[in-house]
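Protein chains: 4
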Amino acid sequence: MPIRLIDGLISSPVVADAFSDRSLVGAMVAFEAALARAEAQCGLVPAAAAAVIGEVASRFEPDEPRLAEGLRTHATLSIPLVEQLTAAVAHRDQAASSWVHWGATSQDVYDTALVLCLRRAWSAIEADHLRLLSSLEALSVRHADTLMVARTLLQPALPTTFGLKAAGWLAAVARTFRVWSQAVEATQVIQFGGAAGTLASLGKEAAQVEQALAEELDLAVPEAPWHAHRDRFAQCVAAGALYVGALSKIATDVSLLMQYEVGEVFEPGGGSSAMPHKRNPSACAAVLACGQRMPGLVGSLLAGLAGAHERSVGAWHAEGALLADAMQTTGAAVGTLRQLIDGLTIDDARMRQNLEATGGRLLAERIASLATPRLGRARATELVKAALAEALRSKRSFRDAVQDSPELLASVGSDSSLFDPATYLGAADLFRRRLLAFALPGSHTH
Amino acid sequence: MPIRLIDGLISSPVVADAFSDRSLVGAMVAFEAALARAEAQCGLVPAAAAAVIGEVASRFEPDEPRLAEGLRTHATLSIPLVEQLTAAVAHRDQAASSWVHWGATSQDVYDTALVLCLRRAWSAIEADHLRLLSSLEALSVRHADTLMVARTLLQPALPTTFGLKAAGWLAAVARTFRVWSQAVEATQVIQFGGAAGTLASLGKEAAQVEQALAEELDLAVPEAPWHAHRDRFAQCVAAGALYVGALSKIATDVSLLMQYEVGEVFEPGGGSSAMPHKRNPSACAAVLACGQRMPGLVGSLLAGLAGAHERSVGAWHAEGALLADAMQTTGAAVGTLRQLIDGLTIDDARMRQNLEATGGRLLAERIASLATPRLGRARATELVKAALAEALRSKRSFRDAVQDSPELLASVGSDSSLFDPATYLGAADLFRRRLLAFALPGSHTH
Amino acid sequence: MPIRLIDGLISSPVVADAFSDRSLVGAMVAFEAALARAEAQCGLVPAAAAAVIGEVASRFEPDEPRLAEGLRTHATLSIPLVEQLTAAVAHRDQAASSWVHWGATSQDVYDTALVLCLRRAWSAIEADHLRLLSSLEALSVRHADTLMVARTLLQPALPTTFGLKAAGWLAAVARTFRVWSQAVEATQVIQFGGAAGTLASLGKEAAQVEQALAEELDLAVPEAPWHAHRDRFAQCVAAGALYVGALSKIATDVSLLMQYEVGEVFEPGGGSSAMPHKRNPSACAAVLACGQRMPGLVGSLLAGLAGAHERSVGAWHAEGALLADAMQTTGAAVGTLRQLIDGLTIDDARMRQNLEATGGRLLAERIASLATPRLGRARATELVKAALAEALRSKRSFRDAVQDSPELLASVGSDSSLFDPATYLGAADLFRRRLLAFALPGSHTH
Amino acid sequence: MPIRLIDGLISSPVVADAFSDRSLVGAMVAFEAALARAEAQCGLVPAAAAAVIGEVASRFEPDEPRLAEGLRTHATLSIPLVEQLTAAVAHRDQAASSWVHWGATSQDVYDTALVLCLRRAWSAIEADHLRLLSSLEALSVRHADTLMVARTLLQPALPTTFGLKAAGWLAAVARTFRVWSQAVEATQVIQFGGAAGTLASLGKEAAQVEQALAEELDLAVPEAPWHAHRDRFAQCVAAGALYVGALSKIATDVSLLMQYEVGEVFEPGGGSSAMPHKRNPSACAAVLACGQRMPGLVGSLLAGLAGAHERSVGAWHAEGALLADAMQTTGAAVGTLRQLIDGLTIDDARMRQNLEATGGRLLAERIASLATPRLGRARATELVKAALAEALRSKRSFRDAVQDSPELLASVGSDSSLFDPATYLGAADLFRRRLLAFALPGSHTH
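Chains as they are written, first to last, in the numbering used here: chain A, 1 to 446; chain B, 1 to 446; chain C, 1 to 446; chain D, 1 to 446.
It cannot be assumed that every hint is accurate.
Result set (SDA-like, lysine to any residue): computed pairs, CA atoms no more than 20 Å apart in a straight line [as the list claims (entries may be wrong)]: (1) D:K204 to B:P268; (2) A:K385 to A:L370; (3) C:K385 to B:P268.
Beyond 10 Å from chain B on every Cβ pair, some chain A residues (computed) [to be verified]: (4) R131; (5) E223; (6) A386; (7) L409.
Keep in mind the hints are simulated off the structure, nothing from the lab.
From a predicted model like this one, the values you see are computed outputs, not experimental measurements.
Cβ coordinates follow ideal geometry from the N, Cα and C atoms, glycine included.
Bound conformation, chain A alone:
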């Protein structure tokens, strides 16, 4: 099931697989097989019937056009799927077919199948995530001492290191991935409530079947069926949006650092049909396109929380596609960004040059701070502003302008390192190390 070209940038093939027809139908029949086995364990279903159901399920080939048609008629895939599976079992063993889907409802099989697809998608994404973490860690370690301009409001603020910047990226990616993984973990429960969430047809064995079913599927038992309370899926996508947001932030920064006028980092690849000389932030663009999609998907899922009674009209029906979209978008973002970071080129020299091009102005705060104890803040600020203005006017460096101010000079001294940005990094490396330790608690490379 290939990805449409129009969706190419916002889809991940491996994650798309997790929500393919094959995967979704596979998860649904796996639920039915597990249910039959669980019920057989509890004496509700004949063991022989469960065995047949399991065997037929394991080799089940759906009639997809009829599934699609049934889906449109019933607004759920479960009805036509259970019909087809029942027919397939009946074809093999008429008696066994009576026990297919025993005690369950459409929502049970579909919700639990989505949960299983989510797990598969998450695993695919985690692989890329872990590689991204390693790459970011390596960047941060390698550039622990690489000086660059820190920019606030897109303006140069103070010196910092690229190592700290990369560590900030890393920690945000790690932190939001944890939040997201916990949210995904919270979804890993069976949905099993029968027609209205009471498991009425199972009688006293309900809890026992629940437990056995959960074990069969390697899922947990929730406090109760959640047919009417959909916060788990919404939380999963909302947390996914935090993660994609952290990825997008890197793409924003890289695309800005790649500007011709800045030129500090470069992603691999890129290119333009009309201008052979351009080096485009193509991967950044793809990641940011993913980032732009997520808030909308979150909003749509959140809007479904207020659904009616024991199964909502519409909100439930919207979830599957939204979940699949969100996971694919997440997978595409991290997959693309990982490749970007793996191939990222850092131009240390240009970083240093951009820092120096500010003519010492980034150290104005230092000069003002140093002068304040002796001159008072008001006077210190006044003199520093005058020096900055003079530097601007005469197109000289701030350093030179300070040399011309005897009052400032007397207050701050003439230590030659005063204007050396490498000596005005404060806690940059402390923060860098703390961020790495936070992001990769077990790693010893930093």
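Chain A is fixed; fit chains B, C and D onto it per the hints.
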């Protein structure tokens, strides 16, 4: 290119076709062929070359896996597509291949192709829309006199007619479709600006080529290339969301009217895997699922308006998939709703019965109004409230309670039609006819 | 600072207070006072200066019009506030004024102040939340055996209990509040990074000042300044939306149960200007209005995650108002819902009557299940469907129709409780108790 | 009613006034006065009563705390307001008080009042809009020949003019304002349907009263009451988001052009608490903060379209605050941007310098195009790429590298203007003039 099962309820096959790989690539090569012809007309490209390009384009079969790969590398489909088309032309005529994509940029071909796909999708949707209008009109005409309860805040308010309700649905659908169609129409312009929106490589012939290209593609010429200003696409999707909102409102109402305890209308089909007796609002659910998606898609497109400079990083790259999603969702909503309305069953008797079950209480406003001129509002309201309370207490009808209030009776008279809801419809039919005339100005059936 | 009437339904007075000018400015000066004390502890600032700053801060009265003007000029409140505070300190002690805001930047004071306002807002909300939990628990306990119709897709499905329904509400509210509280907790860290996130001007004492500042404010120290990584605030609002979603779900259910045709529960109050007899779901409407706002607020915050470099342009500036909106909306929702639940009237008799009005049809699943082992599912389903159809046709109950089917009767027996919904509740009470235990682990009333 | 500091950047004082308590209540009593007069004209209400109502309304002073309390009880402001107004009229003339709000419902007065507030807000915004258009036009005219780098994907693409860029901004602002104004215009209709949209209590005079009421308020008569169909308000906010998007795009561009490394334009003002030398894009930040809010507001309004029956529960209640928010955000954005553009400084020399710093590379497309007819595209592209690579390698200009390629030189000639960006602007000025003519059809300055 079949629709994934997980997307089945929120996709329309005909609209999906409009954004299929075949359709998108077809529109892109159509742009290139039209461009070559337009430039040949203006003497910029040899006529023979344009002919070859046109011919090769008309039978072009892309290597889709390589397109997908190129898309991921360049974050645009245009680069690999132009490469493949150029190679195909070169295979036929080396000299002609120099003139493929002459003066254009990636964004020109992709944006214009999206515009063409939008047109195709809109046409498919319009067909369903027109049938929906007819069905709603017929409902409204047939039920011009069908009495029912009007419900505000989900509570019975006053008598109304189903004909008025259907006319309100119809007019909202017609009104929002007009807004949407104007927004779609506004997108029907070529994108043609060359590498940076100046058509630099075309020299003085730029305007002439623009005009010829637009004619070739049956599109308009915009005031200037819109590579950096994306309001047209965002407006199109935002207006589409208004339309889907109007469709969803019908689905909300139908699903509520289908409640067992209300039972006034029924959609065809439905069914439950566990409960053979249920008649589910399945089509309503599908329409509402579509409605839940649209605000998110709108938000994502709106977020892209503030893109950077002459082509944004990410926002542009997000658009195609969002547009395709939005159009498919719109198409699914109207296609499903049309079928629902075509098969809608109205239970006039139950409507009447629900009206009568309110025991005349819906006419309390009438009694209060009639009594006010003689008693003053304060006293009239007091007496009516007392009668309502008495009716509630004694489980009698409001009518009976009024009979027991000599003061009220004296003020309102004993006209037997006082409690006949059919005589308290106000301007219901006037509004119904005005709504029909608004929605279908040329129709004479109403 | 009164709430505007137009915002009345979506605002909570106590939460509004937490983001009032007084509260916000108070939190900002509290930061400055705490910073001076922390720096005095670490020997960076003279103790006397810190004392003066603390004292002036504790009685600081801002010039609000000039604050508002400065905010518009600088796009941050911090600059005019620090200016005013500095002037106030200087008025008292010129020398001390040099040490105001030492080493900090605008974002430090504003972000940390937002964190403090969030804490205050959360506490106000928690109070209502805890009362809501108790009320819901009481409802669930009181109605453990109150039979009612479970409705899926707005159609009667099976019998359930109102106690289970209330327990489901309770657990969803408790679960999402926990997720939200963890997210709020995650925000409870200082922001302290200086001009560019390196605390450059503090030298080696940076970490020590961080620690002391956090202790002063009773906040935690984050792994590093988070000026550029805003996931904490976005997570807080996204999780808040889950919570409001769980509250809204209750409002949806109550408003549907209040329908005249259903009439199972009633909220206190309500009323209509034109129809004195109506009992409106007014509180439900207010809660649902809150619910409708949250997804948009979440989307706006998520969109800001991809901000540029060390402080973004715009995304940072949008946060405060979005956070305040989100917290007020949350507070309004829970405050309103708590009152609604406190005054909720349950009509057990009507619930039972609606259940009986389905004529036994809700037990069709039971009959089909019981008949399946003997007849096979195909035949059992066929007979049950026939009985349902016959009941519908002859306007009799399903029970009577089953009595007329010898084959069914023979399979299911004639136990008089077969059609007693109280005997077909499955695990309803087990689930109810599990939900209560989950929601209120320490409670012993259930 | 001052704006909260936390909302300072996203609020416009004049627009806030339009939704203040005074304005909203004023519009509501204006509706009641107009209704009484209209009904008096049609003989439904005694002329004397209408006169009293009008007079009392014109001097009405609400008890705001009781209004706020009544709003919370009834979930609508109309009920307490009509009560207070009725009491005020009764205090003056008991008989007249019977005729207050005659035939109307809560929604009539509130919706129509919102419509009136919208008009007032729109007018305030239009004033800023018109000044913005003039400023942008002046910029575009003044800089018709100011050369600068066009940047796609944040990379230099080709030469363009700042005049064209400003014209693109202008046209997008003008185009979206038109779309928005049409949407606002579409809202300018009365809401008048009585308790359930039938004007039942007015009898045959309904249409006449409608007409008279609309004339009194200078509004149009819609095809029918729109209590249940809310597309007009949603369209208004969605279109407003397009407009704010066009404003935000300018803020994005300005903030990027203000980067220290680019330095081509500067907004007036700005400043940093810690770094006296910074010139911050403060106004850009405020505009972008507005832009970030709008998609969320649109989403929330769109979500309300699918409301239930003749008046929805919640969706209607959410609208007022969302509309007010959206209008204030729009007003803040245009007000701030207008000031920004009025004070924008353009550094032509830096623009030129940045263009030249690309070393002729931006003309690679021209060279390739010129060489293609003689060499074929493949060879031409190959040679140009080689020259670009050589320039990069040897740190020379592209121009010099071309001089070293005899094959290229022979194909493109040695015209000295080949590398003059001023001669490679294509249709830039044509587009600029078309955009101005589109945006300001009546203006003759361009």
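Verification of the supplied hints:
1. Proposed proximity of K204 (chain D) and P268 (chain B) is contradicted: the alpha carbons are some 39 Å apart, above 20 Å.
2. Straight-line distance between C-alpha atoms of K385 (chain A) and L370 (chain A) comes to about 14 Å, which keeps the hinted pair within the 20 Å bound.
3. For the given pair, K385 (chain C) sits about 17 Å from P268 (chain B) by alpha-carbon distance, which is consistent with the 20 Å threshold.
4. Every C-beta of chain B lies more than 10 Å from that of R131 (chain A), the closest at about 17 Å, which supports listing it as non-interface.
5. Taking the minimum C-beta to C-beta distance to chain B, about 22 Å, the non-interface status of E223 (chain A) holds against the 10 Å cut.
6. Residue-level check passed: A386 (chain A) sits 36 Å from the nearest beta carbon of chain B, beyond 10 Å.
7. Remark: the non-interface label on L409 (chain A) is consistent with the geometry, its nearest Cβ contact in chain B lying 43 Å away (cut-off 10 Å).
The structure does not agree with numbered hint 1 stated previously, though it agrees with all others.
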